[in-house]
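The listed protein sequences derive, respectively, from chains A and B.
For the first sequence, position 42 (counting from the first letter as 1) is numbered 49 according to this note's numbering, and the numbering increases by one without interruption.
For the second sequence, position 406 (counting from the first letter as 1) is numbered 413 according to this note's numbering, and the numbering increases by one without interruption.
Quick caveat, the hints were computed from the structure, so don't treat them as lab data.
One or more of the hints may lead you astray.
Result set (DSBU-like, lysine-lysine): computed pairs, CA atoms no more than 35 Å apart in a straight line [claimed, not checked]:
#1 A:Lys-256 with A:Lys-35
#2 B:Lys-115 with A:Lys-246
#3 A:Lys-207 with B:Lys-54
These stretches of chain B come out as covered by chain A in the derived footprint (C-beta under 8 Å, 3 or more residues) [stated by the list, open to error]:
#4 230–238
#5 291–301
#6 404–414
Ideal Cβ positions, reconstructed from N, Cα and C, are used throughout, including at glycine.
Number of protein chains: 2
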Amino acid sequence: MNAEIIAVGTEILTGQIVNTNAQFISEKMAEIGVDVYYQTAIGDNEKRLLDVIEMASRRSDLIILTGGLGPTEDDLTKQTLARFLGKTLVFDQQAKDKLDQFFASRPKSSRTSNNERQAQIIEGSIPIQNITGLAVGGLLVDGEKTYVVLPGPPSELKPMVTKHLVPLLSKGNEILYSKVLRFFGIGESQLVTVLSEYIKNQTDPTIAPYAKTGEVTLRLSTKSNSEQEANEKLDALEKELLSVRSLDKTPLSEYLYGYGEDNSLAKVVFENILNRKLTISAAESLTAGMFQAKIADFSGSSQLFKGGYVTYSIEEKARMLGIPLVDLQKHGVVSHFTAQQMALKSRQLMQSDIGVGLTGVAGPGELEGHPAGTVYIGISTTEKTESIQVSIGGRSRSDIRYIAMMHAFNLVRKTLL
Amino acid sequence: MNAEIIAVGTEILTGQIVNTNAQFISEKMAEIGVDVYYQTAIGDNEKRLLDVIEMASRRSDLIILTGGLGPTEDDLTKQTLARFLGKTLVFDQQAKDKLDQFFASRPKSSRTSNNERQAQIIEGSIPIQNITGLAVGGLLVDGEKTYVVLPGPPSELKPMVTKHLVPLLSKGNEILYSKVLRFFGIGESQLVTVLSEYIKNQTDPTIAPYAKTGEVTLRLSTKSNSEQEANEKLDALEKELLSVRSLDKTPLSEYLYGYGEDNSLAKVVFENILNRKLTISAAESLTAGMFQAKIADFSGSSQLFKGGYVTYSIEEKARMLGIPLVDLQKHGVVSHFTAQQMALKSRQLMQSDIGVGLTGVAGPGELEGHPAGTVYIGISTTEKTESIQVSIGGRSRSDIRYIAMMHAFNLVRKTLL
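Use the sequences and the hints to build the structure in full.
Here you go:
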């Protein structure tokens, strides 16, 4: 079944609100194996709404309309759809009762015919009750096509989708199962290049790459009637993909740091440190506190983090951390030496198990002859102190600092392996 | 001129991401008097993309496509539009140079033909340079219709829209002039309440309030052929509005911290410190480095910032800053005393002109009997050391920390007045 979503509301077209309903419904449809091919947003305009409904009915099996069910003059979604289908509006008793109850304690004059209309559905519809509002929704099967009408406020729409629409639509359907693989340290274009044969020939499961600043995800998806069968397919494909090698011959498994939709690199590392009952500290230069602030994003951070240093100038690297100034001057602040010393000293001074040092050139200008994006990251444990150098070229100052922070989390992750 | 926006990307249709680009572009178009009638999102599918472009070219004057300019196989927006228009793709020299520079420091094998494509535009287009990424955009006038192609990542799209597309489109039009007033310390609902008469009766200039985490802006807009005429109208209205008083009788001018679209509170404070050749340091607890990292967001930060402390535990507040532990225990870490001591000690130890101390309860749990959102912020200068207490109730951990940081910047701003 392929579907499309039509959001009705001028406030979307003027940019006053973001069309989050389309995202929410799309996500829920993907979960039950319904493919959404189009999302459209249009204003409260009958002519254009009719045109869009007409086109949708030609190209999609399931048409979901949201918004325009309220009590104001310009709410005309139900009326327009009824007109298109040549049907009338009828009262739904349960919604009518709710309306009566609502107006029982309010002045009679506030109950207008516009208000009444909120309790109406198109004849022949299955009503979709609105728990958090007055406007009832509906699902109507008309020949080969299914039309769904839902209110616009997300607080009303969301429970109606999850509690009523999803069960109505998923009867007898195959469900879409997904597994999201999360990578750091490899760019999207390289990942897609080395996996190009798999991506070109994908049928089931499908493979969808997606990139955000500094990281890439691969979503593997398959439709199935059973979770077990789906997992077997997804796991087998994952195993194959992870054995593929990057351009420098490293297996992709080395770049994989975690799974799932919202599982950031920082979160994975945070949980790893927490589970192993370790503590961490840092001395930061170009990131100036970002790394430490990110650790404290997670509740429970006081169990593993006591504090650390922001050493932005060379003098403060010497003074706060006790690194001899002559040594800093000899090696330069943008160096393996400085990154390692920052990691070591922060670990020793804070008496933590892990120390991290971040130094480099945020840009836009050069520093000590190094171009913007040259970053050294040190890590120190009771066993060893080492460092890596990364080049984050062609990026903005804020991207360079963010990606440097991500590399620091990745270095902690690898050290803990 | 009426416009429509077509966002291309399967990740929108599967609900993985929200189509915020459509909202952003719609808002910018509204500001320059372009009416957006349709927003459409479709997947990375050539056939459906062609259909949608074909339909858009029939019903709209301006068609803005976003997404699908990247280096992967499924990025096909430019090619599909070129095919629809019967045109070819050509290299844009400036974008090509940027690509060359980007790959100069990278292994040759990572430079693929897919990557090259990012520097191409449709023949006859005005290139729209991408400052924060590699994929160049373009604007093409074809007969009566104008086509615009922009990349999908918001960090690339936004500057391209504001710096290039908006000026390109507003030529010759009666231009919409705007003045954005930025407030901190007053909520949107209160601001709208005290200005309700003005907002109700607005005609020219118009008044549009907008709220983001912790701050509110008012956009005053008027259409005019002359900048001077527009400015006179906007300035007169501003003067009137700023004399209105908040519910506690403070004139709104007291909450105004700056002007303009991207002029954050942090930026205003940063520039103020820089212009006065002062230096700043901080000791942070609940924000754990956010305040300092924010200062270092701005290039030139090394002129005013040398470093500071992240003192997350009570022990580290004592040890790193030299505040007697018994005093911290007596007053509690969530207190005026601790905030002031953190500010004072960080200023003294770092030998800076201004010291800031941030302590409080990020939540979700309580601390020392104080609920989440209880925050104390200290400020110390050579003249005095003082502190404020703010309650940021009913917010998430990340909002509380962010708003606490904003209050710290505002406290610095007020102290410097």
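Against the structure, the hints come out as follows:
no. : hint                     : verdict
1   : A:Lys-256 with A:Lys-35  : 39 Å, violated
2   : B:Lys-115 with A:Lys-246 : 28 Å, holds
3   : A:Lys-207 with B:Lys-54  : 17 Å, holds
4   : 230–238                  : violated (count 0)
5   : 291–301                  : holds (count 9)
6   : 404–414                  : holds (count 3)
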